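Asker: Mind docking chain F on chain C? Use the hints.
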Amino acid sequence: MSSPSLESTLGVAPWTEEERSELDALLDVLIPANEDGSKPSARDVAFFDYMLRERVADELVAGFRIFLLEHGHVGESRFSARGATEQTAAVTLWERRQALFFRSFMKHLLHCYYQDPRVVRAIGMEARPPFPEGYTIIDGDLTLLEPVFERGRVYR
Amino acid sequence: METVDILIIGSGASGAAVAWSLSETGLRVMCLEQGDRVDPSHYPSTTSQWESSRLHDYNVSPNVRALPADYPINDSTSPIAIANYNAVGGSTILYSGHFPRFHPSDFKVRTLDGVADDWPVDYERLEPFFALNDQMMGVSGLEGDPAYPPIENLLPPVPLGPMGETVGKGFNALGWHWWPSYSAIATRAHNGRGKCINLGPCNTGCAQGAKASTDVTYWPAASQRGVILKTRCRVREITVNAKGRADGVIYYDADGNECRQLARLVIVACNGVGTPRLLLNSRSSQFPEGIANRSGLVGKNLMLHPCGYVEGVFDDPLESNIGPHGCCILSQEFYETDATRGFVRGYTMQVLRGPGPVETALSGLLQREIPWGPNHHKGFTRRFGRTAGIAIIVEDLPEEHNSVTLDPTLVDGHGIPAPKITYTLSQNSKKMLSHGLNKGKQVLTAAGSRKNSAYGPVRHTGWHLMGTARMGTDPERSVVNGMGQSHDVPNLFVVDSSIFVTSGGVNPVSTIQALALYIADQIKQNLSTVLAD
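Line order of the protein sequences matches chains C and F. Each residue of the first sequence is one higher than the last, beginning at 1 in my numbering. Each residue of the second sequence is one higher than the last, beginning at 157 in my numbering.
Excised from the complex, chain C in its bound form:
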C-alpha cells in the first residue's frame, strides 16, 4: 500500500510506520469493505499512490496529522486501537471540527476509491476507459411523444 517515494516527495516531516497504520485504520472506518467482500476497504485502494499522482500528499498528510494530534497515535489511545463506536465518534468530531479539510480529504478518497478497477467492477461497470468501446443504451420509446405532438404548437 505504501509508496517508497512518499517520504522523499513529502514536503513535510517524514511519514512514520505508526502514521501509516493509523491512516489505514481511518480509511477502513470511512469506507469499509462491504459484507460479501466484493468492494474493498478504502485502505486497499492505493491511496498513497493516488496522493502522489495527484500531488496532494502534502496537503492531506498535514491535515491528517492534525487529526492524529487530536485523537492520538501512540499506545492504547491510538485511533487504531479503539473500538468501532469510539472510532466513529472520533471521525464524527473530526468532520465537525475540520469540515473543510474533511470534505477535501473525502473528495480525494472518493476519487481514488471509485476509480479503482475492483471497485468499478463491483458496482457493475467494466474497468476500462469509456473510449474506444463506449456503451450501449436503449433508444427509448418515442411514441411517448404522441401527447406532446397532439397538443400542438407552443411557440410564438
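No wet-lab data here; the hints were simulated from the structure. You may find that some hints are simply not true.
To be clear about the criterion: a stretch of chain C counts as covered by chain F if any three or more of its residues have a C-beta under 8 Å from a C-beta of chain F, and this derived list gives those stretches [stated by the list, open to error]: (1) 27-37; (2) 60-66; (3) 109-119; (4) 135-149.
Subject to a maximum C-alpha distance of 25 Å in a straight line, what follows is the list of computed DMTMM-like cross-link-like pairs (lysine to aspartate or glutamate) [what the hints assert, rightly or not]: (5) F:Lys-351 x C:Glu-126; (6) C:Lys-107 x F:Glu-515; (7) F:Lys-325 x C:Asp-141; (8) F:Lys-351 x C:Glu-95; (9) F:Lys-534 x C:Glu-95; (10) F:Lys-325 x C:Asp-139; (11) F:Lys-351 x C:Asp-139; (12) F:Lys-534 x C:Asp-44; (13) C:Lys-107 x F:Glu-414; (14) F:Lys-534 x C:Asp-36; (15) F:Lys-534 x C:Asp-28; (16) F:Lys-534 x C:Glu-126; (17) F:Lys-534 x C:Glu-35; (18) F:Lys-325 x C:Glu-146; (19) C:Lys-107 x C:Asp-44; (20) F:Lys-534 x C:Asp-24; (21) F:Lys-597 x C:Glu-146.
Non-contacting residues of chain C with respect to chain F, defined by C-beta distances greater than 10 Å in every case (computed) [stated by the list, open to error]: (22) Asp-44; (23) Arg-82; (24) Gly-83; (25) Glu-86; (26) Gly-124; (27) Tyr-155.
The structure displayed is predicted, hence computed values, not measured ones. By construction, the Cβ of each residue, glycine as well, lies at the ideal position given by its N, Cα and C atoms.
Answerer: Then chain F, alone, in the frame of chain C:
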C-alpha cells in the same frame, strides 16, 4: 509584410463558421487563435481516471486550468463564474453539444413582451443559416417538435435510455412539453466523423469525434479551402489607420514575440468576454475608450444564463450513468411569457443524465445521502445510475451594469490586462430561477423520484457569454449593426455571442453559428464595399 484580406480572431464556434464561409471567396483569409490544436487521444475519456483528469487541464474554469493558452478572468464577485476553453475549436471542445435554436419570439422581445430590444434580424432570416449550420455540424434530434417551426434533416436523436423515458413520462403526467434534445452529436457517421458511442462525458472533449466541436467540423473544410490558421497567437490589440479603419493587429506568437499582421478586414470572434476585452484593450487617439466603443456599450449588458440544477433519485435503475451527459430531452413548457407567473420571458429545462461513480459518491456525501462508514455502500447503490438531473436555463435580460471591464491589476502571461466580471442577477431572473427549480422538482416527482434536491444559481456554469457588443440599428445604443459591422469602424466585424441583443433561454451555440454564417453571407454580398479603402 503581407496584408491578408480577412483576418479572423478566434477559432471557436463563430470564428470557424465564418472562416469556412468566407473561404469560398478566394480571398486570403487568416485566423489567429491563442490556443493550440487539441489531441483527442488525450481527452479524459481515453483513461480510466477520467473523472479525475477532467479536473485539471480540462477544467471548465480558465482560472483553474491556467494553461499557457488561458487568460485569467476576475469573476470573484460574480455569483456565476466564467467557463470557457481556449484552443482550436474554442469552448466547443468542452461544451455538451446541447443545440437548440433560439425561438422566433427570442428575436422580438420588445414587440411581444415590452422588454429589452428586438433584434435587427429575425428567425426567418436566419433559418437558412441554421439549416446550413446543422449540416456542417451534424445535428441530431426529432422532427415535429411543436415548440419550433419545422426543422428538417436531423440525424436520429440521441438515445433516451431508461432515464429519458422515465422523465418523459413525468412530463406527460403533467401535460407538459418535452422533446428529444437537439444535439450537436453525430448519431450516424457524418462528414467523415464517427457516430456517437455513448462515451458519456461529452463535456471533457469527445475522443470519438462524434460531438461537433469546430476543430472536427468547420476547420478541416476551411483549411482545405485555404484558410490559414495560426495557433498560439494571442492578439493584444486591433490597430486603426489615419482614416479610422482597422488595418490589422498586434499579437504575440508562440515564442512570445510581438508581431504585426496587416489586414483589409478584421473579424472578432472571441466570445462575450474575450471580445470586449480585446476591443477595450485596443485604444488609440481615435478610440481612447477602445475600438468600436463610441457608444460606450462595449462590455456592457453582459448576459450569462443563470442556471439552476434539480436532481431526483429514483428507486429503479435508470442507467443514467451512461450516455451523452448533457443531451437527452428538453422541455420548453415554460419558455414563453405568461404574466401569471410573475416574471417576463422564460426558461428551458434541459434534462441531464446522471454522473459517473466518483461524482455520484461526492454529491451523495455532500447531500448526506451517501454517508461514510458502514452504510456507505448501501447509500451508493441507492443513487448510482438512479438519478436524473434538470438544468434550468433562465433567460437573462440585458442590464448595463452587468459588464466586462479591464481589471486594473490582473494581466495574462503576456502582460495584457485581463477581464473583470461585474454581474448580479435581476429580480426577474431570480423569480424565474425559483419557478424553474420548483417546476423541476414537480416533474421529477411526477416521474417517480423518491427524493429531490434543487439549487441555483450554480456557480461554475458561466458558459453562455452574451451581449457585450450588442447589435442594433442605433449607433448610440449598440456596438454593431444588423450585419455585425461596427458602427464606428466599417471594416471591423464582430460575429460571436457578444453581439446578441437578448439571451434567449437556450444554449446559444446553434444561434451563434447561424448568425456568424449570416454575417459571412452579408460580407460576401457586400465585399466591394466593406473592403473599399
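Asker: It remains to establish, for every hint, whether it holds in the given structure.
Answerer: Comparing the hints with the structure gives:
1. 27-37: holds (count 5)
2. 60-66: violated (count 0)
3. 109-119: holds (count 7)
4. 135-149: With 13 residues close enough to chain F, the hint holds.
5. F:Lys-351 x C:Glu-126: Within the cut-off at roughly 21 Å; holds.
6. C:Lys-107 x F:Glu-515: It holds: about 9 Å lies between the C-alpha atoms, which stays within 25 Å.
7. F:Lys-325 x C:Asp-141: Cα-Cα ~10 Å, so holds.
8. F:Lys-351 x C:Glu-95: violated, 46 Å
9. F:Lys-534 x C:Glu-95: holds, 21 Å
10. F:Lys-325 x C:Asp-139: Measuring from Cα to Cα gives roughly 15 Å; hence the hint holds.
11. F:Lys-351 x C:Asp-139: holds, 14 Å
12. F:Lys-534 x C:Asp-44: holds, 19 Å
13. C:Lys-107 x F:Glu-414: Not OK: C:Lys-107 and F:Glu-414 at ~43 Å, beyond 25 Å, violated.
14. F:Lys-534 x C:Asp-36: Cα-Cα ~13 Å, so holds.
15. F:Lys-534 x C:Asp-28: holds, 16 Å
16. F:Lys-534 x C:Glu-126: Holds, at roughly 20 Å.
17. F:Lys-534 x C:Glu-35: The given pair, whose Cα atoms are some 11 Å apart, holds under the 25 Å limit.
18. F:Lys-325 x C:Glu-146: Holds, at about 11 Å.
19. C:Lys-107 x C:Asp-44: With Cα atoms ~17 Å apart, C:Lys-107 and C:Asp-44 stay inside 25 Å; holds.
20. F:Lys-534 x C:Asp-24: This hinted pair holds, its Cα atoms lying about 22 Å apart.
21. F:Lys-597 x C:Glu-146: holds, 23 Å
22. Asp-44: holds, 14 Å
23. Arg-82: Per Cβ check, C:Arg-82 is outside 10 Å of chain F; nearest 14 Å; holds.
24. Gly-83: holds, 14 Å
25. Glu-86: holds, 13 Å
26. Gly-124: Check fails; 8 Å does not lie beyond 10 Å.
27. Tyr-155: About 5 Å separates C:Tyr-155 from the closest Cβ of chain F, which leaves it inside 10 Å; violated.
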